[in-house]
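Peer 1: These are the residues of each chain, in order.
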Amino acid sequence: MTIPEIHKEFHTKKTTALELVQRAIEVIEKKEKNLGAFISLDIEAALKAAEKVDERIEKGEELGILEGIPFALKDNIMMKDKNVTCGSKILEDFVAPYDATVVERLKKAGAIVIGRTNMDEFAMGSSTETSFFKKTRNPHDFNRVPGGSSGGSAVAVASGEVVFGLGSDTAGSVRQPAAFCGVVGLKPTYGTVSRYGLVAMASSLDQIGPLARNVIDTVLVQSVIQGADERDATCVSDERNNPVYDLESIQNLGVKDLKIGIPKEYFTKGLDKRIAEKIGEAVELLKKQGAQVILVSLPHTEYAIATYYILCPAEVSANLERYDGIRYGYSAAVDSDEETKNLFDVYFKSREKGFGNEVKRRILLGTYVLSEGYYNAYYLKAQKVRTLIAEDFKKVFRQVDILVTPTTPTLPFKLGEKLDDPLQMYLSDVCTVPASLAGVPALSLPCGIVYENGKKLPVGIQLIADYFKESLLFQVGYAIEKLQK
Amino acid sequence: MALSAKQLKHLSRLARLKLTDKDTAIFQKQLSEILGYVDQLQKLDTDKVEPTSQVTGLVNIMRKDSIDQSLPRKEALKNAPEQLEGFFKVKSVFD
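Protein sequence lines correspond, in order, to chains A and B. With the working numbering as the guide, the letters of the first sequence map in order to residues 1 to 485. With the working numbering as the guide, the letters of the second sequence map in order to residues 486 to 580.
Source of the hints: derived by calculation from the structure; they are not laboratory data. Wrong hints could be hidden among the right ones.
[Unchecked claim] Derived BS3-like pairs: lysine-lysine, alpha-carbon spacing no greater than 25 Å straight-line:
(1) A:Lys455 / A:Lys418
(2) A:Lys269 / B:Lys494
(3) A:Lys353 / B:Lys574
(4) A:Lys52 / A:Lys13
(5) B:Lys574 / A:Lys341
(6) A:Lys395 / B:Lys528
(7) A:Lys89 / A:Lys341
(8) A:Lys394 / B:Lys533
(9) B:Lys576 / A:Lys341
(10) A:Lys135 / B:Lys507
(11) A:Lys341 / B:Lys503
(12) A:Lys134 / B:Lys507
(13) A:Lys89 / B:Lys574
(14) B:Lys503 / A:Lys89
(15) A:Lys80 / B:Lys563
(16) B:Lys514 / A:Lys418
(17) A:Lys341 / B:Lys494
(18) A:Lys384 / B:Lys533
(19) B:Lys528 / A:Lys384
(20) B:Lys563 / A:Lys89
(21) B:Lys494 / A:Lys89
(22) A:Lys418 / B:Lys507
Start from the sequences and build out the full structure, keeping to the hints where you can.
Peer 2: The following block contains the structure:
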């Protein structure tokens with residue numbers, strides 16, 4: 001069921017908000033043992049919130065479209081008085097002192113928080129395996145990863161534990177798990193959604209985005225969370241950042257006469273043939289509907305991962321300086337197992353014990369590329385290549401309206417397969433990183449199933465549009481969704 | 486680009502991040518591999534390219550210089566491992 005359908009059922013009294021939340025809880029009780037999607041749950045509060053929504057229905061009041069809809073938050077988005085761990089030991093006991101803007105907006109819209117979901121530690125990873133707390137499993141095959149870093153939210157949506165989830169996407173952390181779990185995931189244009197209350201990873205790239213079961217639900221969530229916010233200076237406050245989407249046009253405009261670009265760099269030898277086939281089939285369907293398909297080139301695509309793994313660690317090393325064992329978080333100074341003689345010791349040992357390996361690798365790498373003598377060769381160089389990558393997109397969008405690519409080069413990989421080989425893990429983001437570096441919006445949606453060893457594994461198709469053209473992503477995404485039915 | 490054990494030790498001090506001997510050995514290998522990979526950027530001629538640090542064209546944004554409510558002291562200290570008389574408590578900086 002879509003959110004508009006649920007909304008209708010509330011008003012026609014076919015279902016109640018309480019029933020919907022109870023159903024979510026039942027699914028969680030049944031499946032959570034195998035999936036491990038959540039870090040913390042708000043069962044009691046969710047039931048109470050649902051009762052209040054039902055009272056409003058009883059009184060004949062008109063509900064908002066997201067009112068009474070159960071959702072999940074990635075555990076790096078703050079909700080007042082609740083733990084926010086970022087999947088890290090260093091924030092294990094941290095209690096959020098305020099609501100993130102997106103949480104404030106969703107609360108105001110009447111959506112009901114079911115809980116906070118598992119993630120790679122501080123959103124660093126592509127498999128949700130680097131979490132300090134647990135591993136989350138892919139609902140389509142428990143031996144495989146759900147993708148990451150927003151793996152918990154993707155699994156919660158895919159398994160029916162919630163209707164939608166929020167994630168954060170820095171290099172593909174919403175889109176890649178969406179593809180691996182068979183749901184829709186949006187990385188909005190950089191600066192369209194406020195990050196006030198999102199724990200920072202790489203600030204020039206981080207963006208909050210929705211995960212949902214279909215395109216229309218994604219649009220409805222995005223229109224609530226998007227928009228200017230003076231508490232986040234990087235959030236665009238001019239007319240470009242317009243959160244109003246016309247559902248009618250999204251559903252009716254179709255793809256006739258649209259110019260769809262197929263960038264050849266995304267279809268190289270590293271791409272699983274079965275994925276290439278599925279994308280090809282979708283493109284054929286679009287062609288039949290009157291879309292014009294054009295082969296294009298984004299020549300700097302191959303440099304995106306290298307660029308990202310300089311810029312991201314650099315920003316990480318600066319952003320994570322705040323975990324010092326003094327103001328909040330794990331502290332070796334109060335750990336009876338640790339001896340700390342002076343302030344340096346407190347920093348040194350709190351960070352050693354509080355952070356996991358991937359976080360440590362990126363802090364060290366970032367410290368290196370920003371250190372004296374290396375800044376120009378690495379950091380400045382990468383910032384310049386970032387310009388070239390962004391220009392590739394600007395040029396190509398003079399030629400075509402939208403790009404179609406795979407979301408991931410492979411099907412969901414096995415748990416543990418890439419955990420000890422960071423470079424291989426990094427390369428799994430090869431299709432999603434370029435749009436992040438350029439800041440343009442991208443949407444991943446399901447594009448068929450591949451059978452492997454008796455399991456049905458989802459394939460994701462990625463649509464990329466020019467800055468602030470989310471409505472075009474939704475329009476084409478909706479068309480693909482409809483054509484596949 | 487190989488990273489030496491000495492360099493890694495220096496980075497560990499700069500980043501205030503203690504590394505065990507075991508970590509040092511593993512990270513030295515892994516970080517060297519990553520640095521080897523990112524070295525491919527050197528192939529590109531970027532002499533005439535401007536660096537990008539912000540993608541949506543925003544420049545310095547200031548809020549109005551007006552008094553606003555901030556986090557109350559009690560709230561701000563709530564997550565502190567150690568506090569004393571309304572302050573964060575820290576160890577001595579010098580031995």
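Peer 1: Indicate, hint by hint, whether the structure satisfies it.
Peer 2: Here is how each hint holds up against the structure:
With a C-alpha separation of about 21 Å, the suggested pair Lys455 of chain A and Lys418 of chain A falls inside the 25 Å cut-off, and the hint holds. Simply put, Lys269 of chain A and Lys494 of chain B have alpha-carbon atoms about 39 Å apart, too far for the 25 Å limit, and the pair is violated. Restraint check for Lys353 of chain A and Lys574 of chain B: satisfied, since their Cα atoms lie roughly 20 Å apart, inside the 25 Å limit. Distance check on the hinted pair: Lys52 of chain A and Lys13 of chain A sit about 15 Å apart at the alpha-carbon level, within 25 Å; holds.
For a cut-off of 25 Å, the pair hint linking Lys574 of chain B to Lys341 of chain A stands: about 14 Å separates their Cα positions. A threshold of 25 Å between alpha carbons decides the hint, and for Lys395 of chain A with Lys528 of chain B the separation of about 22 Å falls inside it, so the pair holds. Distance restraint check for Lys89 of chain A and Lys341 of chain A: the Cα-Cα separation of roughly 22 Å lies within the 25 Å cut-off, and the hinted pair is therefore satisfied. The hinted pair formed by Lys394 of chain A and Lys533 of chain B meets the criterion: a straight-line CA distance of about 18 Å does not exceed 25 Å.
For the hint linking Lys576 of chain B to Lys341 of chain A, the alpha-carbon distance of about 8 Å falls within 25 Å, and the restraint holds. Between Lys135 of chain A and Lys507 of chain B, the direct Cα distance comes to roughly 24 Å. Compliance with the 25 Å bound is thereby established for this hinted pair. Only pairs whose Cα atoms come within 25 Å are accepted, and Lys341 of chain A paired with Lys503 of chain B is accepted, the gap being roughly 14 Å. Taking the CA atoms of Lys134 of chain A and Lys507 of chain B, the gap is near 23 Å; set against the 25 Å cutoff, the hint holds.
With a C-alpha separation of about 21 Å, the suggested pair Lys89 of chain A and Lys574 of chain B falls inside the 25 Å cut-off, and the hint holds. For the suggested pair Lys503 of chain B and Lys89 of chain A, the alpha carbons sit about 16 Å apart, so the restraint of at most 25 Å is met. Note on Lys80 of chain A and Lys563 of chain B: the hinted pairing holds, with a Cα-Cα distance of about 13 Å set against a maximum of 25 Å. For the given pair, Lys514 of chain B sits about 16 Å from Lys418 of chain A by alpha-carbon distance, which is consistent with the 25 Å threshold.
Straight-line distance between C-alpha atoms of Lys341 of chain A and Lys494 of chain B comes to about 20 Å, which keeps the hinted pair within the 25 Å bound. For the proposed pair Lys384 of chain A and Lys533 of chain B, the alpha carbon gap of about 9 Å is at most 25 Å, so the pair holds. Of the pairs offered as hints, the one joining Lys528 of chain B and Lys384 of chain A holds, with about 13 Å between alpha carbons and a cut-off of 25 Å not exceeded. Restraint check: the Cα-Cα separation between Lys563 of chain B and Lys89 of chain A comes to about 18 Å, which is no more than 25 Å; the hinted pair holds.
Among the hinted pairs, Lys494 of chain B with Lys89 of chain A is consistent with the structure: their alpha-carbon atoms are about 24 Å apart, no more than 25 Å. Simply put, Lys418 of chain A and Lys507 of chain B have alpha-carbon atoms about 20 Å apart, close enough for the 25 Å limit, and the pair holds.
The structure shown violates just one earlier hint, number 2.
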